[in-house]
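Please model the entire structure based on the sequences and the hints provided.
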Amino acid sequence: DAKTTQPPSMDCAEGRAANLPCNHSTISGNEYVYWYRQIHSQGPQYIIHGLKNNETNEMASLIITEDRKSSTLILPHATLRDTAVYYCIVRVAILMKTSYDKVIFGPGTSLSVIP
Amino acid sequence: EAQVTQNPRYLITVTGKKLTVTCSQNMNHEYMSWYRQDPGLGLRQIYYSMNVEVTDKGDVPEGYKVSRKEKRNFPLILESPSPNQTSLYFCASSLLAGSEQYFGPGTRLTVT
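If you're matching them up, the sequences are chains A and Z in order.
If you use the working numbering, the first sequence corresponds to residues 830 to 944, in order.
If you use the working numbering, the second sequence corresponds to residues 303 to 414, in order.
These aren't lab readings, by the way, just hints derived from the structure by calculation.
Errors might be hidden in some of the hints.
[Said to hold, decoys possible] If the Cβ cut is set under 7 Å, some of the chain Z residues that face chain A in the computed set are:
| no. | residue |
| --- | --- |
| 1 | Gly344 |
| 2 | Gln347 |
| 3 | Phe392 |
| 4 | Gly400 |
[Stated by the list, open to error] Ranges between beta-carbon positions, derived for each pair:
| no. | chain 1 | residue 1 | chain 2 | residue 2 | range |
| --- | --- | --- | --- | --- | --- |
| 5 | A | Lys931 | Z | Asn386 | 15 to 25 Å |
| 6 | Z | Asn330 | A | Ile943 | 36 to 46 Å |
| 7 | A | Thr894 | Z | Asn386 | 38 to 48 Å |
| 8 | A | Ile868 | Z | Thr307 | 17 to 27 Å |
| 9 | Z | Thr414 | A | Pro836 | 33 to 43 Å |
| 10 | Z | Ala304 | A | Ser838 | 26 to 36 Å |
| 11 | A | Gly844 | Z | Glu355 | 46 to 56 Å |
| 12 | Z | Gln305 | A | Met888 | 17 to 27 Å |
| 13 | A | Ile868 | Z | Glu303 | 14 to 24 Å |
| 14 | Z | Asp340 | A | Glu887 | 29 to 39 Å |
| 15 | A | Asn852 | Z | Lys320 | 35 to 45 Å |
| 16 | Z | Lys373 | A | Gly844 | 36 to 46 Å |
| 17 | Z | Ile379 | A | Ala842 | 46 to 56 Å |
Since this is a predicted model, take the numbers as computed values, not measurements.
By construction, the Cβ of each residue, glycine as well, lies at the ideal position given by its N, Cα and C atoms.
Spelled out as structure tokens, the structure:
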């Protein structure tokens, strides 16, 4: 089972901020939160990740709550090209070569940006 | 250009005919992984490899084999394909286990 839960779908008006929530209440102290998106049937694209501090890059911002049990991906000015399925996953941050690293994707959130 | 390549991109085959889907990355990444994606089930990990000669099962390894003889290549082998392996397959790589993954363009496989 996925370690994260997300709403199945969301709409956002073009030009407005899109705020995509993710719950990861069982996250461990050594697990990162990662966000990816998938446009149509293309390969998923990495967006951003964080451990406990808020992060920002040229694509998005990631806000992680203080207890790390949930996070929000923010696309500050959504465009039609941001219409995609967004996946939130957790992964162990630091691994030794013999460590276990199974990656589990949930169903994600289908974001529709509306003109 | 840094990328993950997969071949073939599309394949139609018959039940029982062995096939290999190749995956190659040119980023000197240690970690590579295979996923399948089916409607309503999302992305599910088949196998992953932490480094050369180190592979491990993901969530849905039955019916698949992999090998990691060299760092850049991670082929997915279906010894005896069945119709329930009809799916969209993605290969991914990352610098290290735990770091961000870069995905290939996908291989759409149909087994009749």
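Hints, verified against the model:
Interface hint status for Z/Gly344: upheld, as the beta-carbon distance to the closest one in chain A is roughly 5 Å, under 7 Å. With its C-beta approaching chain A no nearer than about 5 Å, Z/Gln347 sits inside the 7 Å limit, and its interface hint holds. The interface hint given for Z/Phe392 is met, as the beta carbon of that residue sits about 5 Å from the closest beta carbon of chain A, less than 7 Å. Proximity of Z/Gly400 to chain A holds as hinted, the smallest CB-CB distance being about 5 Å (cut-off 7 Å).
Between A/Lys931 and Z/Asn386 the CB atoms are about 21 Å apart, so this pair conforms to the stated range of 15 to 25 Å. For Z/Asn330 and A/Ile943, the Cβ-Cβ distance of about 42 Å falls inside the hinted range of 36 to 46 Å, so the restraint holds. The hint said 38 to 48 Å for the Cβ distance between A/Thr894 and Z/Asn386, and at roughly 40 Å that hint holds. In this structure the supplied range 17 to 27 Å holds for A/Ile868 paired with Z/Thr307, their Cβ-Cβ distance being about 19 Å.
One distance hint, 33 to 43 Å for the beta-carbon pair Z/Thr414 and A/Pro836, holds here, with the actual separation near 37 Å. A beta carbon spacing of about 33 Å between Z/Ala304 and A/Ser838 agrees with the range 26 to 36 Å that was offered as a hint. Separation of A/Gly844 from Z/Glu355 is about 51 Å and conforms to the stated range, judged on CB atoms against 46 to 56 Å. As the Cβ distance of Z/Gln305 to A/Met888 is approximately 19 Å, the hint placing it in 17 to 27 Å holds.
At roughly 19 Å, the beta-carbon separation of A/Ile868 and Z/Glu303 lies within the given 14 to 24 Å, and the hint holds. Distance hint check: the CB atoms of Z/Asp340 and A/Glu887 are about 32 Å apart, consistent with the given range 29 to 39 Å. Taking the beta carbon of each, A/Asn852 and Z/Lys320 are about 43 Å apart, inside 35 to 45 Å as hinted. Checked against the hint of 36 to 46 Å, the pair Z/Lys373 and A/Gly844 passes, with Cβ atoms roughly 44 Å apart.
Judged by the Cβ atoms, the range 46 to 56 Å given for Z/Ile379 and A/Ala842 holds: they are separated by roughly 47 Å.
The structure meets every hint from the earlier list without exception.
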